[in-house]
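Peer 1: Below, each chain spelled out in residue letters.
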Amino acid sequence: MLFPTIQFGIFFPIVFLGSWLLRPFPTRWKFFMLAASYVFYGWWDWRFCFLLAGSTLFNQFFTAMICMARGAAKRGFLALAVTANLGVLAYFKYYDFFRTSVVNGLSRIGIHASPPVLEIVLPVGISFFTFQALSYVIDAFRGKVQTAPLLDFAVYLSFFPHLVAGPIVRAAEFLPQLKERPDPRRIDSSRAFRLIMGGLFKKVVVSSFLAAAIVDPVFAAPRSHSGLEALFAVYGYAVQIYADFSGYTDIAIGCALLLGIVFPPNFDAPYTARSLQDFWRRWHMTLSRFLRDYLYVPLGGNRGTRSATYRNLMLTMIIGGLWHGASWTFVVWGTIHGVGMAAERWRLDRREELGLAPLPDTWGRRVLNTVVTFHVVCLAWIFFRANGQFGIAFDMLHQLVTGWGLQTHLVNPLVLFTIAAMLACQFVPEPTMHQLQIRFSLLPVVGQGVLLAGGFMLIDALGPVGVAPFIYFQF
Amino acid sequence: MAATAPPLPPRAGRERRRRGPRRLAAGQVVIVGVIAYGLAALFNSSTLLKMAERQRLGSWQRSFYVDLTRPVHDLAHALTLDRAHQSIDDYRGKGPGSSHPAVTSAALVHPPSSAPASSVPAAPTTTAVGGVAGATTLAPAPSAPATVRTPTSGAPLRLWIGGDSEAQGMGQALEALTSRLGDVDATLEYKVSSGLSRPDYYDWPAKLAEVVATKPPPEVMVVIFGGNDAQPLQLADGKIYDVPDQQWQDEYRRRVGAAMDLMGAGGRKVIWVGPPNAKSAQFTGRLAVLSGIYAAEAAKRPGTVTFLDTRTLLSDPSGTYTAYLPDANGNQIRMRAGDGFHLSIAGSNKTARAVLDRLSALVPGLGGH
Chain A
1 MLFPTIQFGI FFPIVFLGSW LLRPFPTRWK FFMLAASYVF YGWWDWRFCF LLAGSTLFNQ
61 FFTAMICMAR GAAKRGFLAL AVTANLGVLA YFKYYDFFRT SVVNGLSRIG IHASPPVLEI
121 VLPVGISFFT FQALSYVIDA FRGKVQTAPL LDFAVYLSFF PHLVAGPIVR AAEFLPQLKE
181 RPDPRRIDSS RAFRLIMGGL FKKVVVSSFL AAAIVDPVFA APRSHSGLEA LFAVYGYAVQ
241 IYADFSGYTD IAIGCALLLG IVFPPNFDAP YTARSLQDFW RRWHMTLSRF LRDYLYVPLG
301 GNRGTRSATY RNLMLTMIIG GLWHGASWTF VVWGTIHGVG MAAERWRLDR REELGLAPLP
361 DTWGRRVLNT VVTFHVVCLA WIFFRANGQF GIAFDMLHQL VTGWGLQTHL VNPLVLFTIA
421 AMLACQFVPE PTMHQLQIRF SLLPVVGQGV LLAGGFMLID ALGPVGVAPF IYFQF
Chain B
1 MAATAPPLPP RAGRERRRRG PRRLAAGQVV IVGVIAYGLA ALFNSSTLLK MAERQRLGSW
61 QRSFYVDLTR PVHDLAHALT LDRAHQSIDD YRGKGPGSSH PAVTSAALVH PPSSAPASSV
121 PAAPTTTAVG GVAGATTLAP APSAPATVRT PTSGAPLRLW IGGDSEAQGM GQALEALTSR
181 LGDVDATLEY KVSSGLSRPD YYDWPAKLAE VVATKPPPEV MVVIFGGNDA QPLQLADGKI
241 YDVPDQQWQD EYRRRVGAAM DLMGAGGRKV IWVGPPNAKS AQFTGRLAVL SGIYAAEAAK
301 RPGTVTFLDT RTLLSDPSGT YTAYLPDANG NQIRMRAGDG FHLSIAGSNK TARAVLDRLS
361 ALVPGLGGH
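Respectively, the protein sequence lines represent chains A and B. Using the working numbering, read the first sequence as starting at 1 and increasing by one per residue. Using the working numbering, read the second sequence as starting at 1 and increasing by one per residue.
Bear in mind the hints are in silico, worked out from the structure with no lab data behind them. Keep in mind it's a predicted model, so treat the numbers as computed, not measured. Treat the hints with caution; some may be incorrect.
[Unchecked claim] Derived DEER-like restraints, expressed as beta-carbon distance ranges:
1. Arg-281(A) / Ala-288(B): 48 to 58 angstroms
2. Leu-86(A) / Glu-53(B): 42 to 52 angstroms
3. Val-446(A) / Arg-92(B): 24 to 34 angstroms
[Said to hold, decoys possible] Residues from chain A that keep clear of chain B, each with C-beta distances beyond 12 angstroms, as calculated:
4. Leu-17
5. Ala-79
6. Asp-96
7. Leu-462
[What the hints assert, rightly or not] Some, not all, of what chain A presents toward chain B, calculated at C-beta under 10 angstroms:
8. Pro-217
9. Thr-362
10. His-375
11. Ile-392
Yeah, the Cβ is synthetic: ideal placement off N, Cα and C, and Gly gets one too.
So here's chain A without its partners, still in its complex pose (with noise of 0.2 angstroms):
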């Protein structure tokens, strides 16, 4: 079920009641939302239910066998889970890939390996709630989270705000909340209603329209259009993919704060970055401490050599980039961000070796490397946008370079208009943001109400007709 649609229109409201009026009753509750979020997953594909009921056991009986064990036992429990959640990953998700990658790269030696075809459906959500699956059954091994009652693991897991594109919410942040009771007198209303319309704006009207205008003309046929469009359909494509995500997950988070359920931010005004560290630390902001905490600290972190720095650095994004998708071109946008943050960190590294002081923090310089910070996110984002096709990256690179001139018309000023207005959104200071919502958290119901209902006409009216499906469900 995705979020923009009647059908979650009428499912919500739904859940929404039903979940306050059995609050008061835990294990109720718990199993009321259970079955709504197993509706929700349902309705893609009712088969892909047995894959979340199957991991969910699963992990719950090695998290268990985990606490109870000790020594080399303890540790080979946790080896076994983690083989067999990333092995169920890579089957769904990596196997044609790698199928590919080896039968391709053994022809060109002369062997001539057919491995079995096998008729692979990616199960919607599957790298979301196996990473989630994940950290519960580390953090059980490092003595985070003691192991939870099988109820409220199968809630946590399953919870359909974040079931099936984040934030990636960990167990340790998530199974207390089962154990309050909200207070269902103080629901956090206005921040709710921020994210959940802010969200459906982003994705239903930003995100379409950009893509539309002017990202997937160029992308889908680069050599026929000017440097200028290449250009401006680059930066539509960094807005898009923004406005798409962090709009889902803007509503994933309004709609689990209506439910009483707190998650953590997920994007904090990432093209504001000053360098590339700082874009992931705003970017995508679960997955960046899930790729801190379970991959670069276990490699190492920055406790090494330097060059074992650099190194962890750079495998952790790589594989972070495999991560969102099954093909090279995720590869190279992981290594551009793998290799710029390893320069980063030489370039600090550098000047404490020569006795340098850290640069001054002037305004200039503080624009500089936001625009320079931007700019190498956007090229890695070529990439990520290339799908796989190395030919639409490089044809892309090739018009940027090579295809000046000023001929255009799908650099319209409303495109030029929302991109510059998404971009400039991200520098309003938050307190100005939050006075907006203290103003509006004033407003009668009545009035709260009516401002809502002229967001949804607006949302409908300048958004298209059907919703495409979001960006990161695939990954």
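Go by the hints and put chain B onto chain A.
Peer 2: Chain B only, in chain A's frame:
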């Protein structure tokens, strides 16, 4: 596990509440929701009614949703609450038969050709098609030269590609292929979930008339339809017919023929791409009826319409659905999306290459060859 949750804390004091945003009780949120939903339903009543009417003809869902949304629409109209939405729709401009235009992807690095138009387009007349009001019937256009000129980079071939969701992937692949030739100016316009069966959702005849009326008009048109067309039709007698019915096939044949005549008027070349087989045998059976009609109608218009049957292109040697096919090196490549019907990027590329082969046969000297 406790049967009931712990008691709630005492109600927060007034001063504490004033520091941040005011929080609402669940009951107040329900009131906000009821007002927001109720008013939004009135504001967006035209969208809701259109969504209801787009449901499958003859289904209980359609009757239910139409019965539910029509009074809301009538009330909103009486109270003029639908005016704001309508004003925005009018400002944005309407697509044919729909308040939402098709997605357009036009490649315009090449300046518009100064070559003479190869045809004079038909003027559409709005009447009823198949009992669905608001659709468009088409009068054939006068004749024009029956050959396609040799394009050059200065005067590229004007190629138009359109259709349903399959047109997106195939069209983009074709745009990419033709962009490398240097003498093709391709325009892609597709509309997801559309076809020739439901002009009340998207009126393709009107759109095609608009396309051939552009100055200068396209010289070759490529279309793909069918994926959304194997559904019931309501005909002039008010009855609903399904694909196996002769009346359905007669009416669909008439629509396909009319679309081919419109596009092919004046010697313009048309490449009609049929839908591929589906994983579902039942769906494949229904699609086969459509492909039979496309093939027969194309055969009636030799020299004008070329039919490309993707069932043979994208199926295994026995003609049945397969998600994987070997490439030139014998590697098994996934041709279909996970839904068992749509084309993957590789499938789109394969289809686009087949279209390009047909195009090369129609256009002398395409790509300098």
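Peer 1: Compare the structure with each hint and give your call.
Peer 2: Hint-by-hint comparison with the structure:
1. The beta-carbon spacing between Arg-281(A) and Ala-288(B), approximately 56 angstroms, falls within the hinted interval of 48 to 58 angstroms.
2. The supplied range of 42 to 52 angstroms is met by Leu-86(A) and Glu-53(B), whose beta-carbon atoms lie about 48 angstroms from each other.
3. Taking 24 to 34 angstroms as the suggested C-beta distance range, the pair Val-446(A) and Arg-92(B) conforms, at roughly 30 angstroms.
4. Chain B draws Leu-17(A) into its interface by the beta-carbon criterion, the shortest separation being 7 angstroms against a cut-off of 12 angstroms.
5. Once the 12 angstroms rule is applied to beta carbons, Ala-79(A) is consistent with being away from chain B; the minimum gap is 31 angstroms.
6. At roughly 6 angstroms from the closest C-beta of chain B, the C-beta of Asp-96(A) falls inside 12 angstroms, breaking its exclusion from the interface.
7. The beta carbon of Leu-462(A) is not kept farther than 12 angstroms from every beta carbon of chain B, the shortest such distance being approximately 7 angstroms.
8. Interface restraint check for Pro-217(A): the shortest CB-CB distance to chain B comes to about 3 angstroms, inside 10 angstroms, so the restraint holds.
9. Given the 10 angstroms rule on beta carbons, the hint for Thr-362(A) is violated: about 35 angstroms separates it from the nearest Cβ of chain B.
10. Hint on His-375(A) is violated. Least Cβ distance to chain B is approximately 23 angstroms, over the 10 angstroms limit.
11. Because the closest C-beta pair between Ile-392(A) and chain B is about 7 angstroms apart, less than 10 angstroms, the hint holds.
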